[in-house]
Amino acid sequence: MSNRHASNETTAVTRKTFWETNEPLILGVGFIVLVIVLWQIVPSFFTMSKGMKLFFATPTMVFTAIGDLIASGKLWPALRFSSSAFAAGLALAIVAALPLGVLMGRSRLMNELFDPFVTAINATPRLVFLPLIIIWFGIGMTSVIVVVFIGALFPLLINTYEGVKNADRLLINVVRSYGASEWDINRLVVIPNSLPYIISGLRLAIGRAVLGVVVAEFFGGSAKGIGVIMVQASSSFQVDLVFAGLIIFMALSLVLTGIVRAIETRFNRWRPEKAKTF
Amino acid sequence: MTAGYIQAKNVNLTFTPPNRAPVTALQEFDVAVAEREFVSIVGPSGCGKSTFLNVLLGLVKPDSGEMSIHGKRVAGPGRDRAMVFQEFGLLPWRTVEDNIGLGPELQGIPKKQRRERGRHFIDMVGLSGFEHHFPHELSGGMKQRVGIARALVSDPDVLLMDEPFAALDAQTRDIMQAELLRIWQEAKKTVLFVTHQIEEAVYLSDRVIIMTKRPGRTKSILKIPLARPRGYEMRVTPEFNELKLRIWNELKDEIDSQGGPVRD
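The listed protein sequences derive, respectively, from chains Z and P.
First residue of the first sequence: 1, per the working numbering; consecutive thereafter.
First residue of the second sequence: 1, per the working numbering; consecutive thereafter.
These are calculated hints, taken from the structure and not from any lab test.
Here a beta-carbon is modelled for each residue, glycine too, at the ideal position from N, C-alpha and C.
Computed beta-carbon distance windows for the label pairs:
(1) 75(P) <-> 113(Z): 26 to 34 Å
(2) 166(Z) <-> 46(P): 22 to 30 Å
(3) 76(P) <-> 166(Z): 20 to 28 Å
(4) 166(Z) <-> 167(P): 15 to 23 Å
(5) 162(Z) <-> 120(P): 39 to 47 Å
(6) 127(Z) <-> 131(P): 50 to 58 Å
(7) 179(Z) <-> 128(P): 27 to 35 Å
(8) 113(Z) <-> 167(P): 38 to 46 Å
Given these sequences and hints, build the entire structure.
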């Protein structure tokens, strides 16, 4: 009873005003709106030659272009293609990286076996593999998936490995003393302990995966996708359409960042407030 | 020495830290503890007393030696023993209730039964109402109450305690020592308690084993004939101080000239 009373008091004291709670959102969105408005109106203060106009697009033109993409039915197949390749490549990377990372972190033999290989491929720019991938997998979805996979694999693998290696020795001994098997140790201590590492690896991997889709579609890995629409638009100087593709990629990246944030919050409940840094 | 409930004979352990000379942690170390006895081990830092607990727990394999509990040979971790760790060793992503349920969970006991059994021990250590708290929401004393409940819930015959109150402040430590005596009397366990606090050893124990400096061997064993139940007042009696002094006199020769960190 006295407890409940106390918590009521605390809420009363710490209640924030509307401005205090929404300040980041208002400022963030407000600034974007300001930039879009300026982008829209500033060009109208200048007279542009026909040649210059060719390289320029205002926000209204960009959104008209997106509207046209939707109306003509071109957007959905391209979007479905790009996001399927993204999702499949990322999912494969997660499925491969987590067990391999745990193995490398827990077994010195595994680490010594795989480490030089991982370091070498990770140090190589992913684009170098593209010609080979196109020869092996042809122009199409498979090649894009492979490029995404290679991009997303390494940040996940390296972070999982780091997290597993930094697992708390004391906690491992605690669960061992209660008769835990190697599998129990991984399940109860090693994996929960490396989750912060894995999630920051996931954040990097998502960036690399989006990059993988763009790179593969830009450089001939595929004949479909948002990236292909952008390349074609670029070669015919349709600046508004190029911007449309760019906006779509930005929106996708925003959504994905939101998803990672939600995952973080879900796994963060047990952490003290000041330690929530990732 | 007669055969005890806990029996360790001739335990030898040498380990080699990376890039260093080998260290002999235990040499021909013997221990015998009777059933439901409370025995403390004191000794200078690094004498191998904590190492011995890890050996008895089954986490560290000795080079040689025989160890048994209630006549059963010790080879690896087992349900007849549970350890209370100095740094608590709670899983930070698990609530109090789920930390306490760790042992039963690894024995394959279903969740509902785990919770029921846990409840009893949560009450015993005085944590009712904190079942769903995470470790970071608890004070040091409360964390070690969880540690004790977790050790007791699998109903071990032997409770091993590795400087369990060393990370607590002085007042909390006093309270936890009294709590431990109450819980020990209620749970009826055999306790092997490692500490480097002489006063703590005298206050809690039936017998105190004094170890030599490394390599650790038994130097002497002192009976603590103080009546039970023991209260805080007992700590200021002449008999109590006499016992403290005797242990100190045994120990001080074992502390190297640089000044070992034996306290009190």
